[in-house]
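One line per chain: the protein sequences are W and V, in this order.
Note that this note's numbering has the first sequence beginning at 1, numbered continuously upward.
Note that this note's numbering has the second sequence beginning at 111, numbered continuously upward.
Hint data in this document are derived by calculation from the structure and do not stem from the laboratory.
In this text the structure is predicted, and so the values were computed from the model without any measurement.
Don't take each hint at face value.
To be verified - Derived CB-CB ranges, DEER-like:
(1) V/F198 / W/Q80: 20 to 30 Å
(2) W/E45 / V/Y120: 19 to 29 Å
(3) V/T196 / W/Y39: 20 to 30 Å
(4) V/I205 / W/S82: 41 to 51 Å
(5) V/K167 / W/P10: 25 to 35 Å
(6) V/T189 / W/K2: 23 to 33 Å
(7) W/P10 / V/F198: 31 to 41 Å
(8) W/S20 / V/N128: 21 to 31 Å
(9) V/K167 / W/R109: 24 to 34 Å
As the list claims (entries may be wrong) - In silico lysine to aspartate or glutamate, DMTMM-like type, Cα no more than 25 Å apart, as pairs:
(10) W/K97 / V/E125
(11) V/K167 / W/E45
(12) W/K2 / V/E211
(13) W/K42 / V/E134
(14) W/K56 / V/E211
(15) V/K180 / V/D140
(16) W/K97 / V/D148
(17) W/K2 / V/E134
(18) W/K67 / V/E211
(19) W/K97 / V/E134
(20) W/K70 / V/E211
(21) W/K56 / W/E5
(22) V/K119 / W/E45
Said to hold, decoys possible - If you want the footprint, here are the derived chain V segments under chain W, 3+ residues with CB under 8 Å:
(23) 123 to 131
(24) 153 to 166
Glycine is no exception: its CB is placed at the ideal position from the N, C-alpha and C atoms.
The chain contents come next:
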Amino acid sequence: QKEVEQDPGPLSVPEGAIVSLNCTYSNSAFQYFMWYRQYSRKGPELLMYTYSSGNKEDGRFTAQVDKSSKYISLFIRDSQPSDSATYLCAMSENDYKLSFGAGTTVTVRA
Amino acid sequence: DGGITQSPKYLFRKEGQNVTLSCEQNLNHDAMYWYRQDPGQGLRLIYYSQIVNDFQKGDIAEGYSVSREKKESFPLTVTSAQKNPTAFYLCASSITGPVNEQFFGPGTRLTVL
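Sequences and hints are given; from them, build the entire structure.
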């Protein structure tokens with residue numbers, strides 16, 4: 001079993017829809033939770049990070065962490081074609097090592 | 111303009127040859143990392159370095175080697191011992207501390223012919 005599980009999709013939604021992405025994990029020591037966005041053939045860029053459980057909002061993006069269920073989510077409201085990318089969840093205990101999910105590929109149709 | 115640069119963008123090599131991928135950062139970050147990305151598998155850590163002249167193996171270090179002689183540079187050598195080297199290689203850097211916000215370079219696509 002992988003330490004971090006993420007549905008690879010692909011996910012296709014119409015412009016303006018809400019995109020819902022999630023990851024589950026098995027390591028209860030994870031404290032830091034991140035979402036990266038990766039456009040095709042580019043390096044990932046950090047979108048959001050959250051410490052411990054709770055919600056965090058940044059513009060159209062909302063990250064949620066439920067440590068009791070070992071489940072994290074990313075919601076994208078009012079999705080745009082420019083949101084079409086692969087979204088990677090990543091997690092860390094309290095050191096330098098990040099554990100990544102496999103990534104979910106999202107296409108927003110105009 | 112601060113950032114991470116990787117070169118070359120595309121690299122082709124014959125089986126049995128060693129090849130070195132370049133990674134340079136001017137963000138003044140102490141920590142640097144190398145990842146490998148394969149379709150459907152996400153990013154896997156090859157090596158990381160928290161400080162100059164020191165580095166640690168990640169989850170898939172076999173067949174790879176690194177050096178960290180300067181703070182700005184963390185080159186990765188893919189040796190002939192790496193059985194399946196064709197992949198997308200990503201370099202990243204971060205400040206020290208628990209937040210561990212890693213910033214990535216644009217990547218190098220290595221193809222073994």
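Status of the hints after comparison with the structure:
no. : hint                        : verdict
1   : V/F198 / W/Q80: 20 to 30 Å  : 26 Å, holds
2   : W/E45 / V/Y120: 19 to 29 Å  : 21 Å, holds
3   : V/T196 / W/Y39: 20 to 30 Å  : 21 Å, holds
4   : V/I205 / W/S82: 41 to 51 Å  : 29 Å, violated
5   : V/K167 / W/P10: 25 to 35 Å  : 33 Å, holds
6   : V/T189 / W/K2: 23 to 33 Å   : 27 Å, holds
7   : W/P10 / V/F198: 31 to 41 Å  : 18 Å, violated
8   : W/S20 / V/N128: 21 to 31 Å  : 45 Å, violated
9   : V/K167 / W/R109: 24 to 34 Å : 43 Å, violated
10  : W/K97 / V/E125              : 31 Å, violated
11  : V/K167 / W/E45              : 24 Å, holds
12  : W/K2 / V/E211               : 22 Å, holds
13  : W/K42 / V/E134              : 16 Å, holds
14  : W/K56 / V/E211              : 16 Å, holds
15  : V/K180 / V/D140             : 10 Å, holds
16  : W/K97 / V/D148              : 19 Å, holds
17  : W/K2 / V/E134               : 31 Å, violated
18  : W/K67 / V/E211              : 20 Å, holds
19  : W/K97 / V/E134              : 20 Å, holds
20  : W/K70 / V/E211              : 21 Å, holds
21  : W/K56 / W/E5                : 21 Å, holds
22  : V/K119 / W/E45              : 18 Å, holds
23  : 123 to 131                  : violated (count 0)
24  : 153 to 166                  : holds (count 5)
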